[in-house]
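Chains as they are written, first to last, in the working numbering: chain D, 1 to 244; chain Z, 1 to 405; chain S, 1 to 181.
None of the hints are false.
Which chain Z residues face chain D? A few, computed with CB under 7 Å, are given here:
(1) His58
(2) Lys63
(3) Leu225
(4) Gly228
(5) Asp246
(6) Met328
(7) Glu329
(8) Gly336
(9) Val338
(10) Val354
(11) Gly359
(12) Thr360
(13) Arg365
(14) Asp404
With a straight-line Cα cutoff of 27 Å, these simulated DSSO-like cross-link-like pairs (lysine-lysine) come out:
(15) S:Lys152 - S:Lys124
(16) Z:Lys325 - Z:Lys310
(17) D:Lys144 - Z:Lys98
(18) S:Lys124 - D:Lys215
(19) D:Lys44 - Z:Lys245
(20) Z:Lys221 - D:Lys44
(21) Z:Lys335 - D:Lys92
(22) D:Lys150 - S:Lys124
(23) D:Lys44 - D:Lys92
(24) S:Lys152 - D:Lys165
(25) Z:Lys335 - D:Lys144
(26) Z:Lys194 - Z:Lys146
Only part of the chain Z face toward chain D is listed, based on derived beta-carbon distances under 10 Å:
(27) Ser64
(28) Glu222
(29) Gln223
(30) Tyr227
(31) Thr230
(32) Pro334
(33) Tyr339
(34) Arg405
Since the hints were made in silico from the structure, they are not lab data. Think of the CB as a built atom: it goes at the ideal place given N, C-alpha and C, for glycine as much as any other residue.
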Amino acid sequence: MSQAVVDRLDAQFGERVLESSDAFGDHEVRVALKDWAEVAQFMKDDVDLQMDHFIDLTAVDYPERELARFDLVLMMRSSVTGARIRLRTHVKDGEEPGTLSGIWSGANWAEREVWDMFGIKFNGHPDMRRILLYEEFVGHPLRKDYPIDKAQPLVPYREVDTIDKLPPFGIEEGQPFARIDWESRLAGGDSQVSPALGVQQGQRRTLSDSEAAQKIQARIEAQMAKQAEAAQASEEPSDEGSGE
Amino acid sequence: MEPADDLLNEMAALEISADPMRLNMGPSHPAMHGTIRMVIDLDGETLINLDVQPGYLHRGFEKSCERGTWSQVFPYADRLNYVSPMLNNVGWALAVEKLLGIEVPERCQYYRVILGELARIADHFTCNGASAMELGAFTPFLWLLKVRDWVWDILERETGARMTHSFGRIGGMAAPPTATFKDDVLRLIPEVHKVVKETEIMLLRNRIFLDRMQGVGVLTKEQALSYGVTGPMARSTGIPYDVRKDHPYLVYDRFDFDVPVGEDGDNWDRFMVRLEEIRQSVRIIEQAVEQMPDDGPINVDDPRIIFPEKSDVYTTIEATIAHFKLVMEGLRTPKGEVYSFTEGGNGELGFHIVSDGSGTPYRVRVRPPCWYNLAASREMLLGGMIADIIPTFGSVNMIGGECDR
Amino acid sequence: MGQLKVIDGGGEVAVTTRLSDLLQWARKWSLFQYPFVTACCGMEFMATAAPRYDIARFGAEAPRFSPRQSDVLWVVGTISQRQGPAVRRIWEQMTDPKWVIAFGTCASCGGFYDNYTTIPGVDKVIPVDVYIPGCPPRPEAVLDALMLLQDKIQANDRKPIVVPPRLVPERAPGRTGEGDS
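Please put together the full structure from these sequences, using the hints given.
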């Protein structure tokens, strides 16, 4: 059923369908960015396809891919035939795909979200502003280079000294394994360096980058320094004493 | 004409501003449905422009998923549509299982169906109850909540928690059904029928309720398709799309149930579609309880996916290593992309997963049904009056956790 | 209850009390809530107001959706950064005496949403009187919190407190088909 969609697109656009695949049972077709809006419009209007039910529009960030940083993925369904298809294109950082909000109204909010989370602007969109985050927010969180715990508070935090609370764990949430350290990976470092191994190998001081962890670490080091001093001070007389 | 209007015509010098008034229905919304902000331009009581601003409950689900392993997504997934958490759990488990290419044993499939339908019943209870309450009918809300507590009792007995169970696992469930599971469910069913009947008696012939729901918040079929509306909202406009029927998953193709479809696309249709769906869910549960095998494995028998038995972990080296790898690295999935969709409480709940072959998800995208439902709500509200926002918004069933993720 | 002293004097009964004790007693049994409901905890909040757990028997079931008319700000659910100014503004608009209950772990400390978009606890924005841990907390914990708040109101105590866990959870009454109550 969905294979028919792929075949129809092949027949209509020929070489402009750059790639088609069937992995995991999902039919997918890839086109170039310049053909994006045209293929989408065709899918809606064509009598055989009638992809009138908008399903989803999203993006994926591949910062390590040289060709194009983002993948833009569109999913549609036909309420007449029941067929489903996934349309994909590659978007370079800074390129602006044409908007699909004139074709399906659902694309309006989907594209606003892609702008908010990834920073991909859509050409011709009637209302390109942030939707999930606030206008004062700087950056695009779902990009891999945005650290997850970088908060930008609108209301400055007040000092909470009335109750004893543990600080948040920070980026690792207290679990140093099964984490991908994107910061070091993008900087060219070892991608699976778990912070615990990093501490062991001397690459970092603390498991967590959070302020509270730095403070605790500083306190521990001060304590250890004091103990070392005390040990040295008590050793010298015993060294003289034992004479070994 | 009102006498006051006559007076106005005489007093030609009286100037009344004709500018539309901008009103903010702020993020703290009395309609206990979550947190949404609407900036409305009003001409008298009529809405001439409306800007729906979601995102006040954005909790960074998609980014958080990229931080842990595949199984660590379950607690986050639970809190998506938090009135029917079991459906999200099942949806996520099915998505990763599609990526892995495995199918869970039959007993588990029935178990997932029954728990999922119980969650759907709870969802529709809450939605319809809250809708009624916002219109002033407090009693049906309390009655529906009474039965919802009984549904949650069953879920608590099975999973350990009333809501947000985190009970699904990739390749099975966290625990097998308890010994009294089937009896509990069968004992609940007449209570569900009773409370639905009571709600109908209370509401369906109430003039005020009918006036506020019928003909209000109309959404046409074309608008629904264009916005990507699915679920009870789409079915109320006449689109007969239900993922359980059109793309059956788990064992839904073995059950005989109907899909209620409305005609007008107004609030009334949405209310009635949900009420009918409760009955159909009960039908599914009855058949599932009958067909569910009483013994058999719940989890897939594959140590690369499911934790081995604890007794084996402590005694054999293979199980220890399998356990270690599953915990430390996460479940290893093949590289690729998959989009898996199920029928959530509000419509097509889809998970678009990108895997880079490791134990950590590369990208998890939730296709939230009520995101698009909410986008379509603008069409339903424009041209109506302020008071129509309340029942319309209630019937959209915008669950903040799912909408804003 | 408060410090009400009953003087029994020859057939006549006179009651002496300090006025503030009486006021606090009246306040604690008639709390008007402002349910600032955002997320999943809202479901348990509704369940606490529902017939089984019945917050009405504490006199606290009246929600007033205006900060001017309410006493207790129930912060129920996750507070995102975008929501922060709204919570702050609403708290500022409430008239004294006012109390704040942080319902759930997200409101108490951010929960497991340790990311760019969640305020790690609403007490970073407004002062909180009672913290209810739980994700979501059971309605019994919520009622515990309400009773703790009532004790604090009676004793005029503003020190924040976390609801302690109970070792033996109370059995839910009135299960369908079962005889217990």
